[in-house]
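*Asks:* Fit chain B to the known structure of chain A by using the hints.
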Amino acid sequence: MAATRELAQPERFFADRYGLTQSRLEGLLGVAAGRVDYADIFIEHQISEDFLLEDGVVKKASRTLSQGAGVRAQAGVRTGYAYTDDLALEHLELAARQAQAIAEHPSGSAVVAVPGRGRPHDLYRLTEPPVDAALARKVDLLRRIDTLARGSDPRVRQVIATLWSEEQVTLIATSEGWQVGDVRPLTRLNVTVVVDESGRREIGGYGGGGRVGFDFFLDAERWARFTREAVRQAILKLAAVNAPAGTMTVVLGPGWPGILLHEAVGHGLEGDFNRKEVSAFTGRLGQRVASELVTVVDDGTIPNRRGSLNVDDEGTPTGRTVLIERGILRGYMQDRLNARLLGMPLTGNGRRESFQHPPMPRMTNTFMLAGEDDPEEIIRSVSRGLYAVAFGGGQVDITNGKFVFSASEAYLVEDGRVTAPVKGATLIGSGPDVLTRVSRVGHDLAFDEGIGTCGKDGQSVPVGVGLPTIRIDGITVGGTEV
Amino acid sequence: MVDRLEDLLRRARAQGAVEADAFMVEEEIQTVQVRMGQIESLKHARENRCSLRIFTATGSASATSSDLSPPALGRLIDETVALARVTQRDEYSGLPAPETLAREVPELDLWDREGHRLTVEAKVEQARRAEAAALEADPRIRNSEGAEFYDRQARVAYAVSGGFAGQFRVSSFALSVTPVAADNGHMERDYWYSAARKLGELESPEAVGREAARRACRRLGARKQATAEVPVIFDPESAASLVRALAMAASGPSLYRGTSFLVGRLGEPLAPPSVTIVDDALRPHGLGSRPFDGEGLPSRRTVLLDRGVLQSYLLDTYSARKLGLRATGHAAREGGGGVTVGYTNLYLEPGPHAPEAIIRSVDRGLYVTELIGFGINFVTGDYSRGAVGYWIERGELAYPVEEITIAGNLREMYRGIEMIGRDLVFRDQTAAPTLKISRMTVAGH
Chain A
0 MAATRELAQP ERFFADRYGL TQSRLEGLLG VAAGRVDYAD IFIEHQISED FLLEDGVVKK
60 ASRTLSQGAG VRAQAGVRTG YAYTDDLALE HLELAARQAQ AIAEHPSGSA VVAVPGRGRP
120 HDLYRLTEPP VDAALARKVD LLRRIDTLAR GSDPRVRQVI ATLWSEEQVT LIATSEGWQV
180 GDVRPLTRLN VTVVVDESGR REIGGYGGGG RVGFDFFLDA ERWARFTREA VRQAILKLAA
240 VNAPAGTMTV VLGPGWPGIL LHEAVGHGLE GDFNRKEVSA FTGRLGQRVA SELVTVVDDG
300 TIPNRRGSLN VDDEGTPTGR TVLIERGILR GYMQDRLNAR LLGMPLTGNG RRESFQHPPM
360 PRMTNTFMLA GEDDPEEIIR SVSRGLYAVA FGGGQVDITN GKFVFSASEA YLVEDGRVTA
420 PVKGATLIGS GPDVLTRVSR VGHDLAFDEG IGTCGKDGQS VPVGVGLPTI RIDGITVGGT
480 EV
Chain B
0 MVDRLEDLLR RARAQGAVEA DAFMVEEEIQ TVQVRMGQIE SLKHARENRC SLRIFTATGS
60 ASATSSDLSP PALGRLIDET VALARVTQRD EYSGLPAPET LAREVPELDL WDREGHRLTV
120 EAKVEQARRA EAAALEADPR IRNSEGAEFY DRQARVAYAV SGGFAGQFRV SSFALSVTPV
180 AADNGHMERD YWYSAARKLG ELESPEAVGR EAARRACRRL GARKQATAEV PVIFDPESAA
240 SLVRALAMAA SGPSLYRGTS FLVGRLGEPL APPSVTIVDD ALRPHGLGSR PFDGEGLPSR
300 RTVLLDRGVL QSYLLDTYSA RKLGLRATGH AAREGGGGVT VGYTNLYLEP GPHAPEAIIR
360 SVDRGLYVTE LIGFGINFVT GDYSRGAVGY WIERGELAYP VEEITIAGNL REMYRGIEMI
420 GRDLVFRDQT AAPTLKISRM TVAGH
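Protein chains in written order, with numbering that gives the first Met the number 0: chain A, 0 to 481; chain B, 0 to 444.
Treat the hints with care, as some may be off.
Okay, derived cross-link-like pairs now, DSS-like style, lysine-lysine, Cα gap no bigger than 30 Å in a straight line [what the hints assert, rightly or not]:
1. 275/A - 223/B
2. 275/A - 455/A
3. 58/A - 321/B
4. 197/B - 455/A
5. 455/A - 223/B
Worth flagging that the hints you see were computed from the coordinates, not collected in a lab.
So that you can see chain B by itself, here it is in the shape it has in the complex:
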């Protein structure tokens, strides 16, 4: 793959590119869906994709093709050059300085050579067992939207003209189930999942199924809640969404465009000293790990918030130059030809508290288990989303609530982090422990 990319770069330079980089992915995906014990769908796919980005003296452009035949790659170069002719190059654009490129590709153990030998029958069986465990867990679980087993393996290669070239392989496996609980003519669904780079690290189908059932059943009998200002506790899954929101606000393009509430806040305290947020691209077999970024810069561990103080943004080469800072190795380009900024393994470090102790600390408040909707304004930090969870009375989870919203401002919410749980578990690319925020507005009836 690297040879093909280097050949593409040579041809692009022969047609007028001053510098160029290219990216190639080959992947194979299989998905198995089972519902009510029956196979519902099996999906199998092989795909290739090649992206080329070029910089000419006057402009830059990128193009992507899923047709990798020689004539198609010829067209890819022609089209990229034609596009670059109509754009303008600004002083900040271009490839990373050669001396900053990765020199080696660290072994992060991201590929499970053995795991992909699992037969289709065995995958069906995993999904079936997960769904069966959910259906057997509680008599109120009578229906299901099904269970899914997913696996993907990919080879990823990247090359920079006159510089770095590297490739690596990745695997991922996931098992999920979505049961439906019913009681008194009312239905609720929820889901649970396990995802890992290694097949052997997936949780057992039974554990995934039982947890999915528990989550669906605990939503039954939910009420609306009266509007009030109260402390709000986020469970680990919903707390992770607050960490993702901070990472979005800290990403290069939203900073240089002025569309983030974190503009100009580097070095300022944003949260109490108990809050540290890290993005670690080098975590061995982490779901977000990668040995180098989408521009060939070495992967690293970035401390975003160090004991409450904003220490770093998430930057690719272009946004770093625009902001007068150094790139942090956060260029992402799995999709199209252009570069975006993305995090890798992002987490909030655990605190000292047992989740139960955090709940006990609240006399009257909300425990959030799910958030819906898109109500975050990253320019101002204004936050307003639909929520599902439990109402807390005198330190106990009293009853489930739904059809309510929580509102506040991300700046105040981060400042208001009062307690941090010790329950950090890596289930996904982002992770957080239970978090308590001192005060938010809950809207209901």
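Chain A on its own, in the form it takes in the complex:
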């Protein structure tokens, strides 16, 4: 694919290709800002590329170009939003007029000044963006994965490997005169294997990525580790026993099990739900919501991580927000609208899936700080319970705080020892309750491999999570063994 390195400078890219110069954008916002509190325009050009290997053959390849702009005008609680996938000026003017017409009604709500912005970060500078890497190299990687997986165990019947790369170029201009661009690489490799042992079949998967280049997967043969891990998980499940059912002590392993934080407290601390007073955490700032061993942070500034951003999708530089500090609820995550209406500072959490969507408060990388316990000692402290180290998806009802997530790798713990692998374990709990039951926190904080996607209101955005080994005293495990 022809490298379009003109993309490296969003301002120039949109000015050269579409004539969207700074003065034109200011003109557009002049239209949209008429009698509203605030207006902005989000321009996006995104290329994504997708390869699929199955049956030993790279048989699917696709490329998608998506471009467009969304214009937003705000007055009080009202948001007018119009978008178009045609970046010609007349279409943008139409969108701006529509957004303004939508929002432009007297509202009477107080306008609270939102504190200024800092400098954007530079968190994913790459020598070679993932969409630019030669197609043949990508295809070759998928073939090597297939060979390794099939060679590593005779029970492997099917290997499905996917490589997905993306480059999103954005430019945000606001009625306050702020203009900022960002070029965001994102890539992900996923390996799925199906194993068969005398007719019993199982599936295992592993993968990762981030705001990194294609070489990330070759580095230290990360691809080979992902592949072996997928095979190991599938084979482990062949021998798994039915999960126990009932309330018990659960130890979560480090890394991806941090999805617990995302579901149990993260969504409930997003500004929109608290402004509308529909979160189980509404009105609880300053109160104890977790054991004092627990400190939870959302941090969008960790270099190259999947959930990181130089600026959020409203142009605010991302930051590090302490959500829970030694058990006390300290902060919410905000976008502009909700920060303004709540009179709280911006946190750089205004995110959107694409130009087709207005921003909302969303998480970036959400994790718990490390504690002091030895992870092995944490397991030894459990007489009977569950040790869960890998999870599939999770979901939460933020109003009552009930959350669910499904373990894809979990074991029984008996007399302080990890014993049989179990299948079909689902954890269900209450967000405001679960972190008060954390009784041990390990010193082994780890982040996920770069696989998380969060859905909210039909919008998907990449996110990260992190967790040290923790012990939770009493959470309901849904299984079949009574």
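*Replies:* Chain B only, in chain A's frame:
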């Protein structure tokens, strides 16, 4: 639109494609959100999208663009050809045989010419009335996440090189409301909706609002339940999710990859003879209806489970060839350029029982009204999800329950369908009546 697609196909063939197909969508969407009586957001959008899929002698690839300018479409062809060069074509890939393509585009009445003339003010009013009805329905409803009116109209065109070309228009309208009920410092929310191809077929805003309020209020005071093995009744909304799970397991790619518990089960009984599951793409003004599939094959009615016996899978051309079967017209490609498999109007046929009689038949068990989480393993059928509902004591709904899970295996769950309600209503692309499953594990405290 068809002319533009055919021109694109001619150019793709001139650049080395042996065969190709292309797909174009033009759509217009408007969304109106109201919360606590105030407009919260209004969203308006126009979008176009074009997808091209090509097959060369040695490979295949697809590409999609939202930029439909001549230079962008030129790039689309170049990129697709470049991608096809690095892939491998296998013996099963390719377009459907020309004689199997649709010959006509049946009129399924999917477009409401008049409905889209509704003004923005009228849409705001519909959402406002729905939310107001919810807020007035019960004093315990004091807050709301808002109400939304949504409408979309689209033109869809599809063309195959040297074969079929067709287009059609679709409309959809939806009204939903999400009230929050509160009692003793505890909050619960629920929602209700109405969706239809025709504006006139939407339920009244008042009916949608009142039902949403009833659903939110009935969750208040929920308790946890002790762990037990009991009969489980699924209300129509949650029963529909079991039908969707079966359709996922019956879809071509999961079968040829070996990732479905239905591999090799065609012709076998999976459920009692009372269970029949149908996917009908031709249902007049059905929310999932379409006159032809994403590869130009004619739409049809497919019986998935006929009196308990697995009669058909859901197949596109590629997965059908891989499995040595015939395509069933289930290719879907509304999104990107590639073909996926999707169902249309999927439902479980009603049985003879009144829902109340089904509840009365249970001495001690669970009535499920909502499921959360993603705990289905399609390879083994293992099923474990969070649930919300009512505990049943001596044939009566005794009290609401939450923070529990239900677990079992889809194979055993289908075999264990003991009673089927007569309350089948099409509210969505999938529908089911009330279902009773003889036994599952409920986990609680």
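*Asks:* A separate judgement is required for each hint: does it hold in the structure or not?
*Replies:* Status of the hints after comparison with the structure:
At roughly 27 Å between alpha-carbon atoms, residue 275/A and residue 223/B fall within 30 Å of each other, so this suggested pair holds. Simply put, residue 275/A and residue 455/A have alpha-carbon atoms about 16 Å apart, close enough for the 30 Å limit, and the pair holds. Distance check on the hinted pair: residue 58/A and residue 321/B sit about 13 Å apart at the alpha-carbon level, within 30 Å; holds. Among the hinted pairs, residue 197/B with residue 455/A is consistent with the structure: their alpha-carbon atoms are about 28 Å apart, no more than 30 Å.
For a cut-off of 30 Å, the pair hint linking residue 455/A to residue 223/B stands: about 27 Å separates their Cα positions.
The structure shown violates none of the earlier numbered hints.
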